[in-house]
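Novice: Chains A and B, in that order, give the protein sequences. Each residue of the first sequence is one higher than the one before, counting from 8 in our numbering. Each residue of the second sequence is one higher than the one before, counting from 8 in our numbering.
Derived by calculation from the structure, the hints in this document are not laboratory data. Be a bit skeptical, because a hint or two may be false.
As the list claims (entries may be wrong) - Label-pair distances were calculated between CB atoms; the ranges are:
id, chain 1, residue 1, chain 2, residue 2, range
1, B, T47, A, A79, 30 to 40 Å
2, A, A455, B, P201, 28 to 38 Å
3, A, P86, B, A65, 32 to 42 Å
4, B, R20, A, R124, 55 to 65 Å
5, A, E450, B, E107, 52 to 62 Å
6, A, E297, B, R153, 52 to 62 Å
7, B, D91, A, G125, 43 to 53 Å
8, A, A461, B, T445, 52 to 62 Å
9, A, A455, B, D91, 30 to 40 Å
10, B, A446, A, H242, 34 to 44 Å
11, B, D91, A, P86, 36 to 46 Å
Remember, it's a predicted structure, so these values are computed and weren't measured experimentally. Just so it is clear, CB atoms sit at the ideal spot from N, CA and C, and this is done for glycine as well.
Protein chains: 2
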Amino acid sequence: MTLANTTSTPHARRRSALAARLGTQPALIAAGAARPRNYTANTYPFRASSHVLYLFGADVAERDGFAFYDGAAWALYLPRRDPDDALWEGPRPSFAEIAESTGCAVHGLSELDRALRGRDVATLPAPDLETCETLSRWLGRDVRPRRFTAADEALAEAMIALRLHHDDAAVSELRLAAMATDAAHRAGMRATRPGLRESSVRAAMEAEIIARDLTVAYGSIVTTHGEVLHNEQHHRPLGERDMILADVGAESPGGWAGDVTRAWPVAGRFSTAQRELYEVVLAAQRQAIEAVRPGVRYRDIHLLAGRALATGLCDLGLLRGDPAELHADGVVASFFPHGVGHLLGLDVHDMEDLGDRAGYAPGRSRDPAPGMRYLRLDRDLAPGMALTIEPGIYFIPAVLEDPALDARTGGRIDRARAAAFVAAGARGIRVEDDLLVTADGHEVLSAAVPKTVAAVEAAMQG
Amino acid sequence: MTLANTTSTPHARRRSALAARLGTQPALIAAGAARPRNYTANTYPFRASSHVLYLFGADVAERDGFAFYDGAAWALYLPRRDPDDALWEGPRPSFAEIAESTGCAVHGLSELDRALRGRDVATLPAPDLETCETLSRWLGRDVRPRRFTAADEALAEAMIALRLHHDDAAVSELRLAAMATDAAHRAGMRATRPGLRESSVRAAMEAEIIARDLTVAYGSIVTTHGEVLHNEQHHRPLGERDMILADVGAESPGGWAGDVTRAWPVAGRFSTAQRELYEVVLAAQRQAIEAVRPGVRYRDIHLLAGRALATGLCDLGLLRGDPAELHADGVVASFFPHGVGHLLGLDVHDMEDLGDRAGYAPGRSRDPAPGMRYLRLDRDLAPGMALTIEPGIYFIPAVLEDPALDARTGGRIDRARAAAFVAAGARGIRVEDDLLVTADGHEVLSAAVPKTVAAVEAAMQG
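Isolated chain A, as found in the complex (with noise of 0.2 Å):
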């Protein structure tokens, strides 16, 4: 591997901003452990903590290592490779060919201890337990996921305050993860046909993503059941009536996400109750996409975003009644249960290790009201911020048959009318797209995925 000197690069000035904001403070992040699948030396495929990515970059980011910052400069300390080693992973650079590319120092893990001693040492917890048990026995106090101590929160802060406002390197990144997706996408409709299965889908989308030597950002969603918002299945059968909701992101070589969702028909032309909740969806997206520029709150985006489906609905006769006070009552929450969207970076959802610190501004606090509790961001937009738009209608077995949902909505969902759509194969829709906030609004990162009628129906020709 050559490793181009990187003391100018990106990642060497996100550590110095980083270390100018901990001033003397030392900090220690792991780049986590592997993590085994069935047994020890059967894992799943290592991916190094979001943070060690930032500050490092992927080809430094070893299992089992640490960024050190000892309150001056920033060092790595890498496990020591025996002999043996390189016969099963093959040869790597060296800790001198590290050092000269970073600019660090580099040392062996057991010099670690002597570093730490007698220092008061933040950290960031790991979200799995084999590496907190790791950094509590470095640190010699209980480091646990999601467990922050006073100086472990400055130095959250601290990552926050940079992550959160992309640099060039990082829209790069983005933009790469973006161009894999839709790649991703546009070969899932391409593949998809009536009688095949889901998985067949899956398969087309995820062999695009591996193909270019990437890995997909999260689990990937490829289903005919999109009202099942996190579904893991795909082994049903594709209904010449059914439709596919598709949310599947493609990760940069770098670490960073993509994350979009579109929805098709499995015949290759909506259907007119298709494209009627389609074009409601869309309309609601295209709405809060123009919201999207600094200075708007994203709560408010939300809340837009919903208005505007309140609206579609009604004009469908799924909703009766006066479409702000069906909002405002929160009827809307019923097909659309979750957030607009939320933070993207190297997470899929940005800094979801540090808990609500990065997607909630300081002072604001998730709202526990239906509708509301599953968003995942309220903060005022600025320029370099990178986030979702994601609306989606959903007709939901278990909220649509509830026997108090009468009560509760005052009667105004129009359950036949449901019923129709979902006969039509419209189970779910959401159309999600990537943004990156500009200095004067925004830009679509994802834009070249297909999402009108008229190109979703072109793209699925191929």
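Given chain A, work out where chain B should sit, using these hints.
Specialist: Same frame as chain A, but now just chain B:
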């Protein structure tokens, strides 16, 4: 989901058989937790522990669930789902439905504490700390990966006694895994063309597996550098003179592993050097396979393969001297450092979570000598065992460039000859098949995967 009534199914019979071995000794076996990738909600695809898959099957083996044998009967303790879970994950069978389908009592997790109280309960430590920590809490003792109490050991031995000899249902699953694995290898052969990257071949192979709604049983190796035994890189371009080594296996619907390796020339035709080396590996594999029958000690098959490779390496001029002597002196290990195979079952290295207990018969243990220390199986074969046979020849730079090589091998390795094979793109060749030991010999489960030079070349034409 429709759950068949399974009270008289293979799973029920396995539970009865394990209960018979346990007698009145209670046992708690965890299905395991979903492993976080970058934050808690972004997990790797969940796969239940092989022990629970064995006893209850994939439809019932829920994340965070437990199977408990109280010394008389089996019961399941499963997390209770709140209404919002249905929103995200869709409808699941009720406890009553699972009880009906399994013939076992089904309880919420909160009732497990009472069931365990005052009992000395055996368990099997999970490979991940999250699950071990949960087990520790339930059992009031420190359960850790790879740490076994006397009661745990007895439970492990009882599981091994069962899982070592595959029942008909297990064999059916192994056949399904082999079929999908066959499709993957054929797709990889067809997709190979100079100028593509390794990742394109991998994509073609994994797409066959994903399209069948299956997953890979382990991280795929698809590489032009087969001399790196666990090569996880797929970025290299395919040169005209390269060979691909593909070690890719599908996991069946019930969680059973396929594990097949083939090597093929990027050009579509084996060059003379490529064919010569390939035929040596193939001849050694044939001899080893022929030896597989009840009563044979697996270590002897490993030694047989090593001797066959020694003879072939001498014929090719890579080794100088008497093949038997070269083998006895461990010189062959420079080209064939790993074991000739391992157990196969619900894990690709079956039951490796139990250490060498499954692979090594009582009283036998690893031999630390080169060429022996990676041998994962040393049992006398018996009907119903499944295993792999996978000799290989590798030109490993770290080995061949070692200044001590000549001294260690008495100058009996011809480095220039080795360099010629490397230049011909034959850097590492392994041929691996999955076998079932039968009453009077063996069956090659993966026999359909093209293997002879002629069959591979034909498969590459599509």
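Novice: State for each hint whether it applies.
Specialist: Checked hints:
Our hint of 30 to 40 Å for B/T47 and A/A79 holds, since their Cβ atoms are close to 34 Å apart. Checked against the hint of 28 to 38 Å, the pair A/A455 and B/P201 passes, with Cβ atoms roughly 29 Å apart. As the Cβ distance of A/P86 to B/A65 is approximately 35 Å, the hint placing it in 32 to 42 Å holds. Under the hint 55 to 65 Å, the C-beta atoms of B/R20 and A/R124, about 58 Å apart, fit the expected range.
Distance hint check: the CB atoms of A/E450 and B/E107 are about 55 Å apart, consistent with the given range 52 to 62 Å. Judged by the Cβ atoms, the range 52 to 62 Å given for A/E297 and B/R153 holds: they are separated by roughly 57 Å. Between B/D91 and A/G125 the CB atoms are about 47 Å apart, so this pair conforms to the stated range of 43 to 53 Å. The supplied range of 52 to 62 Å is met by A/A461 and B/T445, whose beta-carbon atoms lie about 60 Å from each other.
A hinted range of 30 to 40 Å holds for the C-beta pair A/A455 and B/D91, which are about 34 Å apart. Between B/A446 and A/H242 the Cβ separation comes to about 36 Å, which falls inside the hinted range of 34 to 44 Å. A beta carbon spacing of about 41 Å between B/D91 and A/P86 agrees with the range 36 to 46 Å that was offered as a hint.
Checked against the numbered hints above, the structure violates none of them.
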